[in-house]
Amino acid sequence: MRVVAGSAGGLRLESPAGATTRPTAERVREAVFASIGPALHGVAVLDLYAGTGALAVEALSRGAGRAVLVERDRREAAVARRNLERTGFAAVGRVVEGDVDRFLERPPPPEAPFGLVCCDPPYDTADAVVAGLLVRLADGAWVVPGALVVVERPTGGALAVPAGWEPRFARTYGDTLVHLLAAGPHPPDTT
63 MRVVAGSAGG LRLESPAGAT TRPTAERVRE AVFASIGPAL HGVAVLDLYA
113 GTGALAVEAL SRGAGRAVLV ERDRREAAVA RRNLERTGFA AVGRVVEGDV
163 DRFLERPPPP EAPFGLVCCD PPYDTADAVV AGLLVRLADG AWVVPGALVV
213 VERPTGGALA VPAGWEPRFA RTYGDTLVHL LAAGPHPPDT T
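The numbering used here puts the first residue of the sequence shown at 63, with every later residue one more than the last.
Fair warning: there could be bad hints in the mix.
[Said to hold, decoys possible] Using C-beta positions, here's what the derived DEER-type ranges look like:
(1) Pro78 to Val197: 13 to 21 Å
(2) Ala152 to Arg64: 17 to 25 Å
(3) Ala222 to Arg74: 20 to 28 Å
(4) Arg89 to Pro183: 16 to 24 Å
(5) Glu92 to Ala203: 15 to 23 Å
(6) Pro172 to Tyr235: 21 to 29 Å
These are computed hints drawn from the structure, not numbers from a lab. It should be emphasised that the depicted structure is a prediction, and the values quoted were computed from it without experimental measurement. For each residue, glycine too, the CB sits at the ideal point set by N, CA and C.
Construct all of the structure, not just a fragment, from the sequences and the given hints.
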């Protein structure tokens with residue numbers, strides 16, 4: 063597995079032997095990031111269920127400004143940290159070892175709001191769980207209006223899009239269905 067393009071393009075990324083995660087394939091990363099294009103420049107990235115960190119590293123390589131990677135598996139989180147170091151992005155990438163749901167229950171980190179969110183949960187994650195995660199992102203100060211949200215699901219799965227968000231595309235790559243969404247404006251503060 064390697065970084066596809068950008069300043070770290072061609073560098074190999076570590077992937078632990080016998081891992082239970084399925085890193086996003088190079089061809090999928092290439093297609094997704096080609097679709098996003100220059101919108102990445104300088105944005106903050108949130109990589110949920112980061113695994114090896116391949117999505118965040120690809121975003122940083124292509125011009126994103128900083129990244130927060132959330133991964134609950136200790137081994138995978140360590141690999142993500144090493145991949146940030148290996149590609150020269152350790153100063154702008156931070157790995158949070160912990161559960162995504164618990165992470166999103168807290169106030170957003172200092173790196174927020176995010177202009178790009180990558181969400182690649184295990185394929186056995188219920189559609190309702192993913193929908194709830196997107197609603198939490200939409201309801202808080204997690205994303206900027208118009209932020210791009212990439213969601214990977216198994217083919218045949220459903221994705222509930224939060225009100226006010228715009229589906230940009232849904233494309234199939236083998237057994238992976240990739241959704242690209244644009245976050246809508248935040249609801250008005252009623253306090």
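Tested hints:
1. Taking 13 to 21 Å as the suggested C-beta distance range, the pair Pro78 and Val197 does not conform, at roughly 32 Å.
2. Between Ala152 and Arg64 the C-beta distance comes to about 18 Å, which sits within the given range of 17 to 25 Å.
3. For Ala222 paired with Arg74, a C-beta distance near 37 Å fails the hint of 20 to 28 Å.
4. A hinted range of 16 to 24 Å for the beta carbons of Arg89 and Pro183 is consistent with their spacing of about 20 Å.
5. Between Glu92 and Ala203 the beta carbon distance is about 31 Å. The supplied range of 15 to 23 Å is therefore violated.
6. With their beta carbons about 34 Å apart, Pro172 and Tyr235 fall outside the hinted range of 21 to 29 Å.
Consistency with the previously given hints fails for numbers 1, 3, 5, 6, ordered from lowest to highest.
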